[in-house]
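There are 2 protein chains.
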Amino acid sequence: MTRKKIYDVILAHEEGRGEAFLKRIEGKKPLFVCVIGNTETAKIPGLSAAGRYPELTEFTPAADVELLLLGSCKCIKGVPVTPEGIPTPALITKSALRLADIPTLVVSGGVKIKPLAPYLELGGRAGGDIRTGKAVEDAEEILLRAKIAGENLSKVAEYLVVGESIPGGTTTALGVLSAMGIDAKGKVSSSMPSNPHHLKMKVVEEGLRAAKIEFGALASNPLKAVSCVGDPMMTAFAGLVLGAARRVPVLMAGGTQLGAVLAVVKAFDRSVLDNVAVGTTRWIIEDKSADLKGIIAQIANIPILAADLDFSCSRFDGLRAYERGFVKEGVGAGGAAIAAVAKSKGAITTAVLLEGVERNYELLVA
Amino acid sequence: MTRKKIYDVILAHEEGRGEAFLKRIEGKKPLFVCVIGNTETAKIPGLSAAGRYPELTEFTPAADVELLLLGSCKCIKGVPVTPEGIPTPALITKSALRLADIPTLVVSGGVKIKPLAPYLELGGRAGGDIRTGKAVEDAEEILLRAKIAGENLSKVAEYLVVGESIPGGTTTALGVLSAMGIDAKGKVSSSMPSNPHHLKMKVVEEGLRAAKIEFGALASNPLKAVSCVGDPMMTAFAGLVLGAARRVPVLMAGGTQLGAVLAVVKAFDRSVLDNVAVGTTRWIIEDKSADLKGIIAQIANIPILAADLDFSCSRFDGLRAYERGFVKEGVGAGGAAIAAVAKSKGAITTAVLLEGVERNYELLVA
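Going down the list, the sequences are from chains A and B. The numbering of the first sequence is this note's numbering, which starts it at 1 and goes up by one. The numbering of the second sequence is this note's numbering, which starts it at 367 and goes up by one.
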């Protein structure tokens, strides 16, 4: 498959707009923002890589951002790994941010385990199991506070790259997308090679039933959709975009979870969508068990950019596993890689990035 | 008294360096950071304007930064006032930041009342009464986290203006300065026209005795000085300066409390001092009951700049009271005013600022 690339960034969807977005951010100085959250939904057995060691996985968002800010995790030993031992994509994010000297701000939408590092507090709490139909408290207030933060950050950064870390997030995304009438069945991604679509849909259906919501009933009530079947990352992320994208470009960094965030953003303020792109990894756009484009295209005509990361020749099996469908994306890895490429005007290639990731892997995992 | 001024900024100390600092920041885009904290010390009767309504005053830092971020206070009605009804200097800060379109980030060093607005959490707790000799927990960790935040912010902002809000802060400043061997007796400022120097010294002596510290014994142990007789704003503020001033100028915005912060900064890393200036108000440098220059000059050759604010012709008695020695400074008012003047290359004068303050006063106080 031949695809149009600029430097090592694939124009994966809405090519013209993607190219224009890349031109706007080329050589510019971004701020990388990582939004973290926890949801009890992650503990449902079989749902995510999280399911096997649920208590340990509660530490993942905090550990991920400690890695970004401190260079190593503090609340756990080593780094977050899947049950098979495949390491967190925060290794990619960290390498990209360090190579391109990009600053980082962590924002908590609501976590159970707090990072042992500075983070922006919005007053949110960790989310509930969406099967109860009561997933997120104070969604409106969190969105408002995040919007204020986004407005202020947009006055100081040339553009924002916003990523996220929340285990169980593709299921809550499926929940919110379904409540808002976007067909995401069989389309959300997974950090495991075999994607448990059936179980995810069952969980979402249970949540919608508990909250007495029909598919699409909350198309124009995003806060209720998040409150019932979403997670606390979503309103924080959406608020940041709503606050910042009026003034500067915002690269939404992640996989299919961003569909839910984008739907919330659109429901509040369509006018910011021109300033927004999705940044992800090649592994996501090549994922045959999911359909990021199919989700995004239902919401808005915004471009999808993908970092052309390729770990097939890595020295480490734990990294080569990314080529076999493990992990794929997270902690804004793809968007951070794109920002590193764009800031350096292509001088930082994905091959250079892999070297950085391998150094981190050697240091922190091997 | 004739004084050298550039625009409406008085070169109050170290004129040559002050002029050079102003030139470096002229036309540049700053980030305003407000560090908040609480200390039980503020509740000691007669010590500060805080003493009369101690429970209410615990809300002051949170309310001050809500005013900055939201345009009005949320955790209290109206705005913080002294017992005489004189309003918080956050009115000045807010007007300056709005007029010059300067973004704001709030950082908590340790508070009892959390702002109902986004703030950077460093994991610190509110401080104890320094008479116990146990004032601040985890000072080292807070400094470290603040330093990381400062490093990251310095990659995105052209320079930082850092202010603070902590009732009782001049007494804790006297404590740390004394522990570190800087003669500040009778030199720290007060938000009241009559400065209770004798009581402040008595409180500090009690704290030093409880912690078994002689005057000057902790000259090279700033963390212990803060831990015993300081407050949780200090290490957060110092950490931000240490992290940011390696890369960008930092205008330390406030009054005599900054002496303690500066002493901590110097003890950790003298090399950043070339990138630092103190920004304050005319009311502080003209305060006959205190001596900011006398404190700063003992620590380092850094310039003092003062916004030439003059409220004597204000329509409101609550603002004219600033000319009679009430409040004087706080919430980075002087530094924010200087930044507004510098960013606008003098187009924003202190007369323009007063109009803005009066509009805010009318809206929020009158």
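Hints may contain errors.
Stated by the list, open to error - Cross-link-like lysine to aspartate or glutamate pairs, in silico, EDC-like; alpha carbons within 20 angstroms at most:
| id | chain 1 | residue 1 | chain 2 | residue 2 |
| --- | --- | --- | --- | --- |
| 1 | B | Lys632 | B | Glu517 |
| 2 | A | Lys74 | B | Glu506 |
| 3 | B | Lys440 | A | Glu140 |
Bear in mind the hints are in silico, worked out from the structure with no lab data behind them. Note that the coordinates shown come from a computational prediction; the quantities given were computed from them, not determined experimentally.
Status of the hints after comparison with the structure:
In summary, the hint linking B/Lys632 to B/Glu517 is supported, as the alpha carbons are separated by about 17 angstroms, within the 20 angstroms threshold. The straight-line distance between the Cα atoms of A/Lys74 and B/Glu506 is roughly 16 angstroms, inside the 20 angstroms bound, and the hint therefore holds. A C-alpha spacing of about 16 angstroms is found between B/Lys440 and A/Glu140, which places the hinted pair at or below 20 angstroms, so the restraint holds.
In this structure, none of the earlier numbered hints is contradicted; all agree with it.
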